[in-house]
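Undergrad: Just need the whole structure built from these sequences, with the hints factored in.
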Amino acid sequence: MKRSSSLNPEEVPIFNGMKKLFYTLLLFFAASTLHAQDNATAPSYGDRLVVGTIGEPSVLIPMLASDSASHDVSGLCYNGLVKYDTDLTVIGDLAKSWEVSPDGLTITFHLLPDVHWEDGAPFTAHDVEFGFKTITNPDTPTAYAEDFRQVVKFEIIDPLTFRVTYDKPFAPALTSWGNMTVLPSHLLAGKDITKNELTRKPLGLGPFSFKEWASGEKIVMEANKTYFEGRPYLDSYIYRFIPDAATLFLELQAGNIDLMTLTPLQYSRQTDTDYFKKNFQKFKYPLFTYVYFAFNFLHPYFQDKRVRQAIAHAIDKQEIIDGVLLGLGEPATGPYVPNTWPYNPDVKKYDFNLEKARQLLFDAGWRDTDGDGLLDRDGKPFEFSVLVGMGNSVRLNTATIIQWRLEQLGIKMNIRVLEWSTLINEFIDKRRFEAILLGWSIGLDPDQYDIWHSSKTGEKQLNFISYKNKAVDELLEKGRRVFDVQERKKIYYRMQELLAEDVPYIFLYVPYSLPIVSSRICNIKPAPIGISYNLPKWYVPKKLQKNAPVP
Amino acid sequence: MIKLPQTTQALLKNPLALSGFIIVLLLFACAVFAPVLAPYDYKEVNVRAILAPPNIHHIFGTDELGRDVLSRMMYGSRISLAVGFVAVGIATLIGILLGAVSGYYGRWIDSCLMRLVDIMLCIPSFFLILAVIAFIGQSIWNIMAIIGFTSWMGVSRLVRAEFLSLKEREFVLAARASGAGDMRIIFSQILPNAMAPVFVSAILGIAAAVLIESSLSFLGLGVQPPLPSWGNILTSGKDNMETAWWLSVFPGCAILLTVLGYNLLGEGLQDVLNPRLKNK
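So the sequences go chain by chain: Z and V. Residues are numbered in my numbering as their position in the first sequence, beginning at 1, plus a constant of 1107. Take the second sequence: its position 176, counting from 1, is numbered 157 in my numbering, and each next residue is one higher.
Hints were generated in silico from the structure; no laboratory data involved. Just so it is clear, the structure is predicted and the values come from calculations on it, not from any experiment. All C-beta atoms, glycine included, are put in the ideal place defined by N, C-alpha and C. Keep in mind that a hint or two might mislead.
[What the hints assert, rightly or not] Straight-line C-alpha distance at most 27 Å; calculated DSS-like pairs for lysine-lysine:
hint	chain 1	residue 1	chain 2	residue 2
1	Z	Lys1412	Z	Lys1389
2	Z	Lys1325	V	Lys219
3	Z	Lys1384	V	Lys24
4	V	Lys24	Z	Lys1391
5	Z	Lys1385	V	Lys219
6	V	Lys24	Z	Lys1463
7	Z	Lys1537	Z	Lys1596
8	Z	Lys1596	Z	Lys1456
9	V	Lys24	Z	Lys1519
10	Z	Lys1389	V	Lys219
11	V	Lys219	Z	Lys1487
12	Z	Lys1385	Z	Lys1649
[Said to hold, decoys possible] Reference listing, derived: stretches of chain V covered by chain Z, where coverage requires no fewer than 3 residues with Cβ under 8 Å from a Cβ of chain Z:
hint	stretch
13	43 to 50
14	175 to 188
[Claimed, not checked] Taking CB as the label site, the calculated pair distances span:
hint	chain 1	residue 1	chain 2	residue 2	range
15	Z	Gly1153	V	Cys103	52 to 60 Å
16	Z	Thr1333	V	Arg29	43 to 51 Å
17	V	Leu18	Z	Ser1562	45 to 53 Å
18	Z	Gly1362	V	Leu74	52 to 60 Å
19	Z	Glu1526	V	Leu7	55 to 63 Å
20	Z	Thr1333	V	Pro105	16 to 24 Å
TA: Here you go:
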């Protein structure tokens, strides 16, 4: 689960996450491509894929990382036990099969035999146990422990079989084993995981193995020749960090980058030329991410529901989608994305209506008594700051539009742009903010206990707005204890109604992911889970392979 | 001492100085009358006209939120002028004080102050500004103050040099003989005679301050949205260089013209005010 940090439009994701979801799930997809299918060349080994991004990874052990860049790279080194298939069903990854007991309280996993770490050591249930113990260790600085703390017993039955037991039914149990838990115990046992060289030089068992990290420049990965699903076609995967969207785009045009995420402007205004149609394939699909405007409930102005509702009425979501995303997104109404089963389309909506907003503010005691154009109450003007992460022009423009609309209500909203890690560590974690513009990436399971439950308001915990609602608490507790989808659907529908009434967040939009890939890369098969789930199967036909030196 | 009527007359005869003066005057007009002249509200978002090229409705086109670039530039000129004048005001004030004290008293006071100047000159001021902004936060007032506090050294050297020669002159001796105190001699006898080069350097300094403010805003560390500044319009120009040239060209030209205007005016003033150059 993490905050969507990236500078590009929201990449990111994961909630009860699965690695394969990092590039996000998709429901619709549109590819405009003049693909070289007629080449009909057979898949062949060789060539490289250069991915350009704005952010540099921070740490390459998945459970320690909270940024998308780290997960992108470490996800290629480590696999999970299960993963999502292209149709969003759960299938085995490192686990060959599993049995869930009739009461749902125990799961027995059978691991794939003959899987080896890159250094030749066999992969066994001890590696899973080690990962599990590390992630649930209170000393491990991870944001992903909650799902695994539900496990009361972890037993190894034989080197390739283990069983986990829960004391209460836990609906996200199976999917939670999709990620974060496998670590090479023969290298890490007894060592401090945060100060280990594996944080910068991972040794895994995934499709690509780590080669080199040139700080501030790139990470180079090479095909893992002994990968258990067969070696990837591409010889290497290079991850370049270019912290400026315009430079990144120029590098793409120059052919020095094969894959990047476009901004909405680049997608709709700058990549329709013949050059781009000939050399690149564009994709478009909704991300499992929503962007929201959150209120700090510790701030006196925002404790009044009417004020939050008034601000919701003053924000025109469609204007933001048209103006900032150029139509490449959908309005959000709750913490789930449209067209997924927990999504409730019929919650209370706040239409753009400044009159209603004014009335609500008036009722809440806000009026302009001194004629300075700003609303005031008890002598204090309605002025606050919203925090935005640096470098994300989409978010900054969103904030600018909101600022302009609120000014028409007589509310002065200042925009404070902060460097990402400062924003998280100094402001969000310490609750030093009034309002914030941020995104959440979500997984397929609707359990959002960590974000909304009133017990999760402590420092560093994810209910950083300090939202407390007993009814929501009960629903969250109930929702994770039921396996039946229809039953859960009712619970989460109700929760969305409560959230819509309370407006702890103003849910703004669900952006589209807009990746662009060089047309020499073949076998990209867009599916509801994105494009990169079959990265090891991507190839470049022999004729089109580049022999140029690595940039 | 600067004699205004003669100076103005001489200035008007110097074509370069005159053109500089006119540019500066026009900019002032833009800044002062921005609310009247600007065709739109600089904050007004229009999602139906995003990145529109220059046309009848938007002479300089629109930016990525559909805001009118001309209106934003007019309001931006206020920022540039304000930063220029306030920053240079601060710098000149500090420069005059330290320079005068240093030049007038000499000896160890002079040595200490001039070493301080040397130290300040050693530090690349742009990076110093970046570092200070990181600590105290970015706001228009902070930027004015920081630019001021990091650019007084030139002025103080100029003033010191003038004081060194002027304090030996007869009129100073006369003043001292008639019982004037140090303060009186510094401020009412020597300083007025030392103002000509200070005035020139201040005008040139405005150009430098405008450039620094634009650079800071370009880097996103200057003026905060929604306040427009030429620098932050240029930033969006950089991101849309290939499709929206108007976002780079117009604010770029505005910065160029402003800096050129102040420089021409400054150079012209120097010619006019410096008697040694007058006879060439």
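Undergrad: Where does the structure disagree with the numbered hints, that is, which hint numbers, in rising order?
TA: Hints 1, 3, 4, 7, 11, 14, 16, 17, 19 and 20 contradicted; others consistent.
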